[in-house]
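Chain by chain, the residues:
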Amino acid sequence: MRQLIIIGSGPAGYTAAIYAARAQLQPLLIASSVEAGGELMNTTEVENFPGFPEGIQGPELMMSMQQQAERFGTEVVYDDVVRLELDGDVKKVTLGSGVTHEAQAVIFATGSAYRKLGLSDEERLSGRGVSWCATCDGFFFKEKVIAVVGGGDSAMEEATFLSRFGSKVVVIHRKDTLRASKIMQERAFNDPKIEFVWNSEVVGITGTDAVTGLILRDTVDGSERELEVGGLFIAIGNDARTHLVHGQLDLTTEGTIAVDGRSSKTSLTGVFAAGDVIDPHYRQAVTAAGSGTVAALDAEHYLAQLGDSVVAEAEEIVAAH
Amino acid sequence: MTARAVTDATFDQEVLKSDKTVLVDFWAEWCGPCRAVSPILDQIATEHSDKLEIVKVNVDENPQLAMKYQITSIPAMKVYQGGEVVKTVIGAKPKPALEADLAAYLA
Chain C
502 MRQLIIIGSG
512 PAGYTAAIYA
522 ARAQLQPLLI
532 ASSVEAGGEL
542 MNTTEVENFP
552 GFPEGIQGPE
562 LMMSMQQQAE
572 RFGTEVVYDD
582 VVRLELDGDV
592 KKVTLGSGVT
602 HEAQAVIFAT
612 GSAYRKLGLS
622 DEERLSGRGV
632 SWCATCDGFF
642 FKEKVIAVVG
652 GGDSAMEEAT
662 FLSRFGSKVV
672 VIHRKDTLRA
682 SKIMQERAFN
692 DPKIEFVWNS
702 EVVGITGTDA
712 VTGLILRDTV
722 DGSERELEVG
732 GLFIAIGNDA
742 RTHLVHGQLD
752 LTTEGTIAVD
762 GRSSKTSLTG
772 VFAAGDVIDP
782 HYRQAVTAAG
792 SGTVAALDAE
802 HYLAQLGDSV
812 VAEAEEIVAA
822 H
Chain H
-10 MTARAVTDAT
0 FDQEVLKSDK
10 TVLVDFWAEW
20 CGPCRAVSPI
30 LDQIATEHSD
40 KLEIVKVNVD
50 ENPQLAMKYQ
60 ITSIPAMKVY
70 QGGEVVKTVI
80 GAKPKPALEA
90 DLAAYLA
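Chains C and H, in that order, give the protein sequences. Residues 502 to 822 in the working numbering are what the first sequence lists, from first letter to last. Residues -10 to 96 in the working numbering are what the second sequence lists, from first letter to last.
Hints were generated in silico from the structure; no laboratory data involved. If you're wondering where the values come from, they're calculated on a predicted model, not measured in any experiment. Take these hints with a grain of salt, some might be off.
No more than 20 Å apart at the CA atoms, straight line, and that leaves these computed lysine to aspartate or glutamate pairs for EDC-like [as the list claims (entries may be wrong)]:
1. C:643 <-> H:18
2. C:643 <-> H:49
3. C:683 <-> C:548
4. H:76 <-> C:548
Footprint (simulated), chain H over chain C, 3 or more residues, beta carbon under 8 Å [said to hold, decoys possible]:
5. 537 to 545
6. 627 to 633
The C-beta atom is built at its ideal place from N, Cα and C for all residues, glycine as well.
Work out the full structure: start from the sequences and follow the hints.
Next comes the structure, spelled out in C-alpha cells:
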C-alpha cells in the first residue's frame, strides 16, 4: 500500500505532489488520460503566475510543474479514476485500466468543468459551431462572426484571442457590467473587432448542421431577437468536478467539496481536497497551487500521526508482554 | 503503430476509395487535446488493425479537407466506409469512452 495518491494534474495536484514528494511520501499522481495538465493546457499566455515576468504558455507551465514533481519521486499515471472508496483506513482508487491502487491518504484535486448553458441545441451543435475552447477551435472560424457568452476573465480572454480569427467578435453578457479584471476588460474594450451586447442571455441556438445564429433575450424587458453568428464560444464559468465523490464527501451549497476552515480536510479522515474543486470564488492557478501545498502539508501531518500511533501501539503491545 | 498522415492530395485514394473502414483523426500541432488523444488512437489501431485503419489529417496543412468536412472543433474523428462518413466523434476522450463510441467498427 502507498502512503499517498493524488488525483488531478492541474496546479493543485502538481504542487501537492512537489511538496509530498519532497517529504519522501513517493506519491502516485493520477493525471487523467486526455485532460492531463488540466485547464491551463488550453490556455495560451499566462501572465499572472509569479516568477515569469514575460509570461509563460499554459502547457509549458504545466510541463514544468510535472517535471518538478517527478524530480522528487512523484509517479505519474495517465489514466482516469472510475471509482473511489474513501471511507476506512485504506483508500481505494480504481482506474479505467481496471487496476486498483491503495493508499493511506488521498488528495482530491480534480478541478472544475466548463459550465453549459443548458440548452438542448447546445449539445446538438457542440463541435458544429458551439465550443468551450477558443484556443482549440478558434482557427476554424476565420472571417466569421463569433459570439462569446460570459463576462469574466475567461470570456474576455476567449474574445481577445478569437478576434484574430473572426471578422467580428460579439460578447454577450446578461448584465451591463463585466466581472472580468480591469486589464482584461481594457484589452477587450480597446479591440476594434470586439463588440458588446449587454443585458442579454442566449435562449436558443439556430442551425441544422452548423451554428447559424442565436436567439437572445433581453434580461431587462424580456424581448427576444435573433443574432446571426457562425460560432458560439461559451465561457460562463465552471462547476467543481465532484461526481466521483458524491455520497462520500460532504459538499457545500455551492457544489464544491466542503473542507474544514482554511485546511484541506474533508468530511472523511485521510481524504484531503485542493484547488478549484474546493474553491467557488478565486479559482486561479496560483490559489490552486497554494491550496495544493496546504493539502500536501495536511496529508503529511496525518500520515506522520498514523505512523506515531502505529509505533505507540507496537510499544504498548511490547510493554504488555 | 503511429497513424499515417493523409493529405488533401491523397485523401481520395487512401480514405474514400479504401476497401477498409478508415478512421480519420483531424488534428493540429497547436491542439492540446489532439496530442492527448493521439496515443490512444494509436493503441486502438494496433489492437484492432484487422477491423479499422486509422490515419491523420493535419488541418493546418490540409485546409480543403477541413472545410469540406466542416471541421469546427478538433480533435474530430470521422469513420469512413465506402467513401461516406458513418460516424463522427468530437473531442478527446479516455480510451474506454472512445472504444464505446467506436464499438460498431471494432467488433
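To see whether the hints hold, each was checked on the structure:
Between the alpha carbons of residue 643 (chain C) and residue 18 (chain H) the distance comes to roughly 18 Å, so the proposed pair stays at or under 20 Å and holds. Simply put, residue 643 (chain C) and residue 49 (chain H) have alpha-carbon atoms about 13 Å apart, close enough for the 20 Å limit, and the pair holds. For the given pair, residue 683 (chain C) sits about 14 Å from residue 548 (chain C) by alpha-carbon distance, which is consistent with the 20 Å threshold. At most 20 Å may separate the alpha-carbon atoms for a hinted pair to count; residue 76 (chain H) and residue 548 (chain C) exceed this at roughly 40 Å.
Judged by the Cβ-Cβ criterion of 8 Å, the region 537 to 545 of chain C is covered by chain H as claimed, because 4 of its residues qualify and three suffice. Counting residues of the region 627 to 633 of chain C whose CB lies closer than 8 Å to any CB of chain H gives 5, so the stated coverage by that chain holds, three being the minimum.
Hint check: a violation occurs at hint 4 only; the rest are consistent with the structure.
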